[in-house]
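Q: Each chain is listed here by its residues.
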Amino acid sequence: MPAATRAKMARRGGRAAFAGLLGGLMLVTACHPDADLTDTPAPRGPAAYTPALPANLPQTIPSPTRNPLTREGVLLGRKLFYDVRLSGSNRISCATCHQPDRAFSDGTALTTAGASGRALLRHTPALQNLAWATTGLFWDGGATDLESLAFGPLTHPDEMAQNLAALETELGAVPEYAPLFEAAFPGQGISSVTVARGLAQFQRTLLTGNSAYDRWARHEPGTTLSADETAGLTFVRAKCGACHAGETFTDYGFHNNGLDSADAYTDDHEQLKWGRARITNLPEDKGKYRTPTLRNVALTAPYMHDGRLPTLEAVLDHYHDHVRASPTLDPAVVMIDGTPGIWMTLAEKRQILAFLHALTDTTFTRNPALRE
Amino acid sequence: MTQNSFSSRFWRLIAVVLLPLVGCEKTGCGDGPVPMGQPVQLQFSYVVGDDALPFHLDSTYLSASDDLVRIRHLKYYLTRVRFQRRDSSYWISPRLPALVQLGRCDSVILGLVPAGDYVSVAFDIGLDSATNFSTDQGYDLAPVHEMFWAWNTGYKFLLLEGEWLGSTPSSGIEYHIGRAPTLRTVRLPLPAGTTVAANASMPLTVRIAGRPMTIFGGPHVLQLRFPRNRNAQFDTSDALLVADNYAAMFTLMGVE
Numbered sequence: 001m002p003a004a005t006r007a008k009m010a011r012r013g014g015r016a017a018f019a020g021l022l023g024g025l026m027l028v029t030a031c032h033p034d035a036d037l038t039d040t041p042a043p044r045g046p047a048a049y050t051p052a053l054p055a056n057l058p059q060t061i062p063s064p065t066r067n068p069l070t071r072e073g074v075l076l077g078r079k080l081f082y083d084v085r086l087s088g089s090n091r092i093s094c095a096t097c098h099q100p101d102r103a104f105s106d107g108t109a110l111t112t113a114g115a116s117g118r119a120l121l122r123h124t125p126a127l128q129n130l131a132w133a134t135t136g137l138f139w140d141g142g143a144t145d146l147e148s149l150a151f152g153p154l155t156h157p158d159e160m161a162q163n164l165a166a167l168e169t170e171l172g173a174v175p176e177y178a179p180l181f182e183a184a185f186p187g188q189g190i191s192s193v194t195v196a197r198g199l200a201q202f203q204r205t206l207l208t209g210n211s212a213y214d215r216w217a218r219h220e221p222g223t224t225l226s227a228d229e230t231a232g233l234t235f236v237r238a239k240c241g242a243c244h245a246g247e248t249f250t251d252y253g254f255h256n257n258g259l260d261s262a263d264a265y266t267d268d269h270e271q272l273k274w275g276r277a278r279i280t281n282l283p284e285d286k287g288k289y290r291t292p293t294l295r296n297v298a299l300t301a302p303y304m305h306d307g308r309l310p311t312l313e314a315v316l317d318h319y320h321d322h323v324r325a326s327p328t329l330d331p332a333v334v335m336i337d338g339t340p341g342i343w344m345t346l347a348e349k350r351q352i353l354a355f356l357h358a359l360t361d362t363t364f365t366r367n368p369a370l371r372e
Numbered sequence: 001m002t003q004n005s006f007s008s009r010f011w012r013l014i015a016v017v018l019l020p021l022v023g024c025e026k027t028g029c030g031d032g033p034v035p036m037g038q039p040v041q042l043q044f045s046y047v048v049g050d051d052a053l054p055f056h057l058d059s060t061y062l063s064a065s066d067d068l069v070r071i072r073h074l075k076y077y078l079t080r081v082r083f084q085r086r087d088s089s090y091w092i093s094p095r096l097p098a099l100v101q102l103g104r105c106d107s108v109i110l111g112l113v114p115a116g117d118y119v120s121v122a123f124d125i126g127l128d129s130a131t132n133f134s135t136d137q138g139y140d141l142a143p144v145h146e147m148f149w150a151w152n153t154g155y156k157f158l159l160l161e162g163e164w165l166g167s168t169p170s171s172g173i174e175y176h177i178g179r180a181p182t183l184r185t186v187r188l189p190l191p192a193g194t195t196v197a198a199n200a201s202m203p204l205t206v207r208i209a210g211r212p213m214t215i216f217g218g219p220h221v222l223q224l225r226f227p228r229n230r231n232a233q234f235d236t237s238d239a240l241l242v243a244d245n246y247a248a249m250f251t252l253m254g255v256e
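Line by line, the protein sequences are chains E and S. According to our numbering, numbering within the first sequence proceeds without interruption in unit steps and concludes at 372. According to our numbering, numbering within the second sequence proceeds without interruption in unit steps and concludes at 256.
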């Protein structure tokens, strides 16, 4: 600190004291003792668990080492997911907006079902195959993992509006929770940390891979796709696969698909409309959002990060007719002559729609293990 | 913080402090206790002005830019406490990050520092990148302390909330500072002859003064009439100024 500045600061402080605003002795209290860095979670605990995985999907579930998947953790997480006590008002659960019948989405563009009744600024995303979403969650990738994500909807005043300390107290007073937490997280108690970890474990089991397409792709006996469906698959692989890639039908990446021109990326709501750039602070990320999977896409209307497109037909119309140019527009939605958009005939639109419906997995949406 | 976890932490501390002493007795083999060390704590007090009068939350002070301000909340993460020897080697505390909160939690207990002569103490304000990757962590990193961003994962290294009284009604001041570029190291020379004893049961207390008003006027004098100087988040250019300032707010008062 420069001497002049230091002297000036001292003078200011002296004047403050002169103002007669000080007095009495400082309250000095000891901090809580902290644990050593070697204080890793206790080795005892439930056995690791890997749910059955469809053969055409990744064969491992990457979990943080601090929160490995266990049956007990998943069961606890499922109970928490459907429990309205997780909200401040005790009226809203995770499932209020993440409904199994809709592949854990809500059918609403910008929901008003939260604690305040105010419309959210982004569309409720579907929850499916997030076990492999290791590049960031939320539409802009702002959450590093499912564990850290949980505190967003839990505490946001327009969502569940929960005070985390109050949540710990409230759940601690529910007798049936104590054995469930102990079984899932021995010795770790009921805390917002174990709540988040249980919720994350349950969400990692929201796995979908048993649609008509999947059975056909795995060459299961008696499964076929129609001519339109296979033609639609071919189109999607060729023209949409840059982002809706592979068997997960998402690259879990971030792209600008031409919803807006650059002048839409305003600073309103703490740069909310910057998309991915709100997190990275990189101009080249403006207007980019996380690629949603195409799986169960027929169940997850409306579409896009703000739910602006009500139907799959509207989505195809967007890609064909309404892609807007901007400096960050993804090359995958630009035609070879430089025209924004993806060319498709009416027949191709019909085929694409047929294929997208073949990605509906009712064994997922009706799976009793994933429901309340 | 649940009763159980507090109790668990209390006994863990007792174990950390006592176990090495028990070990001395077992391994002494008639040659007397093996020199081990001494419990050490950092004791923070907060002062203002030439006379180092006690600083109080919710009181009104004049900043370096002649702005009347009131600080309502001030807390920060303190990590990687190091005691350096004359030969530049150092002992680093194995403790998890400590959340220091003005008015609530003003001391950091380090446990047993190895016996020897030390020339300086250093610590970081902030968290390393590995720790800062996720927010479902316990102890002083627990989410109930509300020192994290939920929409953009990471911890706030320092949180200051208060008011600028230069407008009617007053305007809020909100510094929520975090991310790697805002991590700051504070290094304070210890008085000559500072020695950590072997097998002393009484803790050595390192008394450190913090001057919260320096956050508005350390190396950088913040003109609080400008909104950008009243609201700094993450590691923006304004936040980096705040970080430089809070790194300059500590001085060593003594060791006893």
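You may find that some hints are simply not true.
As the list claims (entries may be wrong) - Calculated from the model, a selection of chain E residues having no Cβ within reach of chain S, i.e. all distances over 10 Å:
#1 P64
#2 L225
#3 A298
Stated by the list, open to error - Ranges between beta-carbon positions, derived for each pair:
#4 E:P221 - S:A130: 16 to 26 Å
#5 S:D50 - E:E270: 32 to 42 Å
#6 E:E270 - S:T185: 26 to 36 Å
#7 E:D321 - S:H73: 34 to 44 Å
#8 S:P189 - E:T266: 48 to 58 Å
#9 E:P327 - S:E146: 34 to 44 Å
#10 E:P327 - S:T185: 33 to 43 Å
#11 S:V119 - E:P175: 30 to 40 Å
#12 S:V119 - E:L121: 51 to 61 Å
#13 E:A52 - S:Y90: 49 to 59 Å
#14 S:E146 - E:A369: 41 to 51 Å
What the hints contain is simulated information worked out from the structure, not anything from laboratory work. This one's a predicted model, so the numbers in the text were calculated from it and none came from an experiment. Where is the CB? At the ideal position from N, CA and C, for every residue including glycine.
Q: State for each hint whether it applies.
A: Hint-by-hint comparison with the structure:
At roughly 7 Å from the closest C-beta of chain S, the C-beta of P64 (chain E) falls inside 10 Å, breaking its exclusion from the interface. Chain S leaves L225 (chain E) outside its interface by the beta-carbon criterion, the shortest separation being 40 Å against a cut-off of 10 Å. Separation of A298 (chain E) from chain S is adequate, the least Cβ-Cβ distance of about 30 Å exceeding the 10 Å criterion. Against the hinted window of 16 to 26 Å, the Cβ-Cβ separation of P221 (chain E) and A130 (chain S) comes to about 49 Å, which falls outside the hint.
Checked against the given bound of 32 to 42 Å, the beta carbons of D50 (chain S) and E270 (chain E), roughly 40 Å apart, stay inside it. Between E270 (chain E) and T185 (chain S) the Cβ separation comes to about 30 Å, which falls inside the hinted range of 26 to 36 Å. Distance hint check for D321 (chain E) and H73 (chain S): the Cβ-Cβ separation is about 52 Å, which falls outside the suggested range of 34 to 44 Å. Checked against the hint of 48 to 58 Å, the C-beta distance between P189 (chain S) and T266 (chain E) comes to roughly 50 Å, which is consistent with it.
About 38 Å separates the C-beta atoms of P327 (chain E) and E146 (chain S), a value consistent with the hinted range of 34 to 44 Å. Under the hint 33 to 43 Å, the C-beta atoms of P327 (chain E) and T185 (chain S), about 39 Å apart, fit the expected range. Look at V119 (chain S) against P175 (chain E): about 56 Å separates their beta carbons, and that is not inside 30 to 40 Å. Taken as a hint, the range 51 to 61 Å holds for the pair V119 (chain S) and L121 (chain E), whose Cβ atoms sit roughly 54 Å apart.
Between A52 (chain E) and Y90 (chain S), the C-beta spacing of about 52 Å keeps the proposed range 49 to 59 Å intact. The hinted window of 41 to 51 Å between E146 (chain S) and A369 (chain E) is violated, with their beta carbons roughly 34 Å apart.
Hint check: violations occur at hints 1, 4, 7, 11 and 14; the rest are consistent with the structure.
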